[in-house]
Each structure stands twice: as structure tokens, then as C-alpha cells.
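Enquirer: These are the residues of each chain, in order.
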Amino acid sequence: KQEVTQIPAALSVPEGENLVLNCSFTDSAIYNLQWFRQDPGKGLTSLLLIQSSQREQTSGRLNASLDKSSGRSTLYIAASQPGDSATYLCAVRSNDYKLSFGAGTTVTVRA
Amino acid sequence: NAGVMQNPRHLVRRRGQEARLRCSPMKGHSHVYWYRQLPEEGLKFMVYLQKENIIDESGMPKERFSAEFPKEGPSILRIQQVVRGDSAAYFCASSPPHPRGNTIYFGEGSWLTVV
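Which chain is which? The protein sequence lines are A and B, in order.
Using my numbering, the first residue of the first sequence is number 37, and each one after it goes up by one.
Using my numbering, the first residue of the second sequence is number 11, and each one after it goes up by one.
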């Protein structure tokens with residue numbers, strides 16, 4: 037059974053600082069890994085999708101790396117802004133369709 | 011292209027009543043998934059459906075919960091005789107056929123409160 041852990045559970049940084057969010061998973065036999073953003077009372081917005089054959093994906097200020105053999109992914113957010121405050125979820129797809137989620141990292145960016 | 015549409019967004023039910031949550035997938039998507047998010051927990055897979063077919067319901071509680079995705083109309087997640095522990099956010103997601111390499115898109119969620 038795939039277990040996904042996200043550390044830290046919460047993070048508070050001043051505006052402009054870079055954010056580093058960690059995700060680990062127990063079974064390295066994955067198809068892909070997806071990072072989502074969730075605002076309070078809202079749904080999930082997909083940020084980045086990394087296929088198992090890829091090492092990283094980038095979108096604007098966001099960069100996600102994947103080390104499948106060690107079961108780790110890291111989401112980097114450069115030059116954080118107050119608008120980046122949200123919960124960030126890591127999800128691993130171990131078969132054709134089922135996602136296993138971490139509990140999330142709640143980020144607060146202080147102005 | 012409208013996203014995944016869920017309704018109602020918020021639902022309050024008394025213990026013992028029934029809750030029906032609806033989900034319309036993105037245009038062109040024939041696969042629907044339901045996930046549940048309990049307070050302070052991650053999302054948990056419940057069920058995966060294609061049109062008129064339940065593919066995997068391994069995450070569904072054995073009793074009171076059912077799901078369908080008819081040929082016409084939205085997918086329905088039905089919870090009978092609700093209890094306080096059913097209070098959660100229920101998220102629907104959809105994907106095109108052959109979802110393996112594709113992004114799965116989530117709706118805004120339906121928040122169920124059982125009083």
C-alpha cells in the first residue's frame with residue numbers, strides 16, 4: 037500500500053523567501069506524481085505533473101523534482117508572495133488511475 | 011471548456027437523512043473519481059467509474075455509500091442514513107480515457123455537514 041508523507045505540515049515565511057516543500061512515498065513503482073494547491077474551502081488546482089521517467093518539471097516560479105528510486109519529490113517556489121499562501125498537496129499515482137495523497141503542507145507567506 | 015462541476019457546494023443533513031452529491035466531468039472526459047477529505051486528513055480514494063460501469067470501489071465504505079455514472083447525466087455519490095462521521099469534503103475528479111499519463115482534474119468539492 038502506497039504511503040505518502042509531506043513534511044513539514046506547516047510553514048510560515050516572510051515574503052520573498054524561497055519555499056521548499058517535501059514529499060516522500062514508500063513504493064517507488066509509480067506512474068507519475070502530481071502537486072496540487074488547495075485554498076481554504078476550495079477544490080484542488082493542479083500545479084505540476086511529473087511523469088515517472090522525468091526528473092523535474094517547471095512552471096513559472098514553481099519547480100518540482102522527482103527522485104523515484106529514493107521515493108522523494110520536492111516542490112520549490114521561488115520568491116514567495118502572500119498569494120502563495122495555501123495548502124500544497126502531493127499525490128502519487130501507483131496504478132492507472134488511483135492517486136495516493138499526502139496530508140499536505142500549509143504555507144503562510146507573511147507580507 | 012468548463013471544469014469539473016460539483017453540486018451542491020455545501021449540504022447540511024440531519025443524522026439519518028440521505029445525501030446526494032452530483033458531479034459533471036469536464037467535456038470529453040469519460041472517467042470519474044470520487045475522493046473524500048476528512049478534517050485534517052489527506053484525500054482518500056473512494057471509487058472510480060466509467061459510463062455505466064464501476065471500475066474500482068475499493069475505497070467505498072461497505073454500507074450506506076453508493077455511486078453511479080449513468081449513460082446520460084452526472085455522476086452521483088449517494089450516502090444513505092448519514093452519520094456525523096460522514097461530515098467531510100467530497101471531491102470529484104475526471105480524466106480522459108487512458109488516464110495513466112494524464113492530469114486528473116478536480117472539482118471544487120461538496121462540503122457535507124451532518125448535524
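What the hints contain is simulated information worked out from the structure, not anything from laboratory work.
Any given hint could turn out to be false.
[Unchecked claim] Restraint-style ranges between C-beta atoms, simulated for each label pair: (1) Ala65/A - Arg25/B: 21 to 31 Å; (2) Val56/A - Arg88/B: 36 to 46 Å; (3) Arg19/B - Ser82/A: 13 to 23 Å; (4) Glu39/A - Gly95/B: 31 to 41 Å; (5) Val93/B - Gly119/A: 17 to 27 Å; (6) Arg19/B - Val56/A: 32 to 42 Å.
Just so it is clear, the structure is predicted and the values come from calculations on it, not from any experiment.
The beta carbon of each residue, even a glycine, is placed where N, CA and C say it ideally should be.
Enquirer: Within 21 to 31 Å or not, the Cβ separation of Ala65/A and Arg25/B?
Expert: violated, 42 Å
Enquirer: Do the Cβ positions of Arg19/B and Ser82/A conform to the proposed distance bound of 13 to 23 Å?
Expert: holds, 20 Å
Enquirer: Given the hint of 17 to 27 Å, is the C-beta distance from Val93/B to Gly119/A inside that range or not?
Expert: Taking Cβ atoms as reference, Val93/B and Gly119/A lie about 38 Å apart, which means the hint is violated.
Enquirer: Note whether the CB distance of Arg19/B and Val56/A lies within 32 to 42 Å or breaks it.
Expert: Holds, since Arg19/B and Val56/A (Cβ atoms, about 33 Å apart) stay within the stated range.
Enquirer: Does the hinted range 36 to 46 Å hold for Val56/A and Arg88/B at CB?
Expert: holds, 42 Å
Enquirer: Confirm or reject the claim that Glu39/A and Gly95/B have a C-beta distance inside 31 to 41 Å.
Expert: With Cβ atoms ~23 Å apart, the hint is violated.
Hints 1, 4, 5, counting from the list given before, are not met by this structure.
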